[in-house]
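**Student:** Can you build the whole structure from these sequences, using the hints too?
From first to last, the protein sequence lines stand for chains A and B. 4 is the number of the first residue of the first sequence in this note's numbering; add one for each residue after it. 13 is the number of the first residue of the second sequence in this note's numbering; add one for each residue after it.
If you are wondering where the hints come from, they were derived from the structure by calculation, not from laboratory data. No residue lacks a Cβ here, since even glycine has one placed at the ideal position from N, Cα and C. A portion of the hints provided could be inaccurate.
To be verified - Here are the simulated DSS-like cross-link-like pairs (lysine-lysine), alpha carbons at most 30 Å apart as the crow flies:
(1) Lys60/A - Lys82/B
(2) Lys14/A - Lys60/A
(3) Lys14/A - Lys108/B
Unchecked claim - Using C-beta positions, here's what the derived DEER-type ranges look like:
(4) Ala64/B - Ser12/A: 31 to 41 Å
(5) Gln83/A - Ile92/B: 40 to 50 Å
(6) Ser8/A - Gln15/B: 32 to 42 Å
If you want the building blocks of each chain, they are given just below.
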Amino acid sequence: GAGVSQSPSNKVTEKGKDVELRCDPISGHTALYWYRQSLGQGLEFLIYFQGNSAPDKSGLPSDRFSAERTGGSVSTLTIQRTQQEDSAVYLCASSLFPSLGEQYFGPGTRLTVT
Amino acid sequence: GQQLNQSPQSMFIQEGEDVSMNCTSSSIFNTWLWYKQEPGEGPVLLIALYKAGELTSNGRLTAQFGITRKDSFLNISASIPSDVGIYFCAGHNTDKLIFGTGTRLQVFP
Numbered sequence: 004g005a006g007v008s009q010s011p012s013n014k015v016t017e018k019g020k021d022v023e024l025r026c027d028p029i030s031g032h033t034a035l036y037w038y039r040q041s042l043g044q045g046l047e048f049l050i051y052f053q054g055n056s057a058p059d060k061s062g063l064p065s066d067r068f069s070a071e072r073t074g075g076s077v078s079t080l081t082i083q084r085t086q087q088e089d090s091a092v093y094l095c096a097s098s099l100f101p102s103l104g105e106q107y108f109g110p111g112t113r114l115t116v117t
Numbered sequence: 013g014q015q016l017n018q019s020p021q022s023m024f025i026q027e028g029e030d031v032s033m034n035c036t037s038s039s040i041f042n043t044w045l046w047y048k049q050e051p052g053e054g055p056v057l058l059i060a061l062y063k064a065g066e067l068t069s070n071g072r073l074t075a076q077f078g079i080t081r082k083d084s085f086l087n088i089s090a091s092i093p094s095d096v097g098i099y100f101c102a103g104h105n106t107d108k109l110i111f112g113t114g115t116r117l118q119v120f121p
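**Tutor:** Here it is, written out as structure tokens:
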């Protein structure tokens, strides 16, 4: 079946503009995660949605970052007033059994802030 | 954020050689996972380990969940050029994954 999809694949924006990144999880997966990966680095957890529970926002680096998940499926990560240090690859993952830890990743969105 | 210690940082090997990499943590994990990431792609799950001491294979890949629950290793036997990529370990407790710093593998024919 279809895997996790993300759009756009690349986004170039000017400093100070807002951006929206989209994630379509694997159908039926109740858990959805956003990560950030800076060049040559590991993955940094941002936010986690599980079913109808309140999201775990503990990894969001500032209040310029927010995310929502509509209808328990598609999620949008919004970065307001982008800064150059926001440049990174933003990865989305979904999981059918979050308690077991297996997460399946999309291809990511490469964000460049000029 | 927290990251696991993964070593070596990079490896340059000849095709056909075996590879070993490991991951250590100061925290206990209930699950250890190994991912591979190729340029321009998201990480792909290779192996998941659920029990201390567990040894699991997936083709030429073998991984073990350390007895202390604070470490794991991944072996790749008889490497081939398509093994090139960055390998990440990840530890899992309460619904979140903590990732290692990655091992970059280069395989020369």
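**Student:** Look at each hint and say if it fits the structure.
**Tutor:** Results for each hint:
no., hint, result
1, Lys60/A - Lys82/B, "holds, 26 Å"
2, Lys14/A - Lys60/A, "holds, 23 Å"
3, Lys14/A - Lys108/B, "holds, 27 Å"
4, Ala64/B - Ser12/A: 31 to 41 Å, "holds, 40 Å"
5, Gln83/A - Ile92/B: 40 to 50 Å, "holds, 45 Å"
6, Ser8/A - Gln15/B: 32 to 42 Å, "violated, 27 Å"
This entry does not satisfy hint 6, going by the numbered hints stated previously; all others are met.
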